[in-house]
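Peer 1: Spelled out, the chains give:
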Amino acid sequence: DGGITQSPKYLFRKEGQNVTLSCEQNLNHDAMYWYRQDPGQGLRLIYYSQIVNDFQKGDIAEGYSVSREKKESFPLTVTSAQKNPTAFYLCASSMGGSLNEQFFGPGTRLTVL
Amino acid sequence: QKEVEQDPGPLSVPEGAIVSLNCTYSNSAFQYFMWYRQYSRKGPELLMYTYSSGNKEDGRFTAQVDKSSKYISLFIRDSQPSDSATYLCAMEGSASKIIFGSGTRLSIRP
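Line order of the protein sequences matches chains W and P. FYI, in this note's numbering the residues of the first sequence are 93 to 205. FYI, in this note's numbering the residues of the second sequence are 1053 to 1162.
In short, the hints are calculated from the structure, not lab data. Where hints are given, some of them may not hold.
Stated by the list, open to error - Example chain W residues on the side facing chain P (calculated, C-beta under 8 Å, incomplete):
1) G134
2) L137
3) S157
4) S159
5) F196
6) P198
Note that beta-carbon positions come from the ideal geometry of N, C-alpha and C, so glycine has one too.
Just chain P, with the same shape it has in the complex:
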């Protein structure tokens, strides 16, 4: 079993829809959770991070962590074609290493 599981998609939604991206993890010691966005043929860029359970909002993006269920989510409101990318969840592992999910490919249809 992988430490971090993420549905690879692809996920295709119409412009303006609310998008929900999710990851599950197995290690209850994880404390620090991140979402990266990666455009095609580019390096990932950090989108959001959280250090506790609950919600964190930044503009159209909301990151949610449920430690009791070992489940994290990223919600995108009013989705735009420019949000089309691969979204990677990530968690801080041991010795300053990050464990990445496999990424979900998202496409927003105009």
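For reference, chain W alone in the conformation it holds in the complex:
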């Protein structure tokens, strides 16, 4: 089965702790993305990567970090510097290029207590 997996589905952390969200794809896509979704605000881009070992900040990168060491994997770390980390996090991938159909994973709901 080809697709994008995100784990875990639900994650609870104490304030001040860093946490890493996993995203894996077996679609052989070059580009991968991380979005944050809050109620009534749609999807906001955190980071994206168009190729291995390269990534760019999105619109709300502060307090987050990523790595892209493998084509299949694009983990997101939510650091203690992120002031409001509780949200629904979505990972997506696409073939890249100008026509950009993005396919999404099932999401991780992070709650910081």
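Fit chain P to the given chain W structure using the hints.
Peer 2: Same frame as chain W, but now just chain P:
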């Protein structure tokens, strides 16, 4: 002003009704327009995409783009309770980025 504006709803209609969902945008350079459907607590899934002005039909769904007015629509005919979801419009921005609307929550009453 946001690049893409979408009425958040919620929109509630009876089963069988025709649903019209709309977005406006400000950047005339947008060329590629998409509609995503998102069920509660799930990731969005691509429903339809268009690359030009005019209509595109797929079963009960029709996507319409009016570039002169910077306005896109998604019509759902013979709506079903299973169509209840949040619908997000999206447009291709720069550097392979997609700009999403905030989503319209739709509920189809049996």
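Peer 1: Which earlier hints can't be squared with this structure?
Peer 2: Hint check: 3 and 4 fail, others pass.
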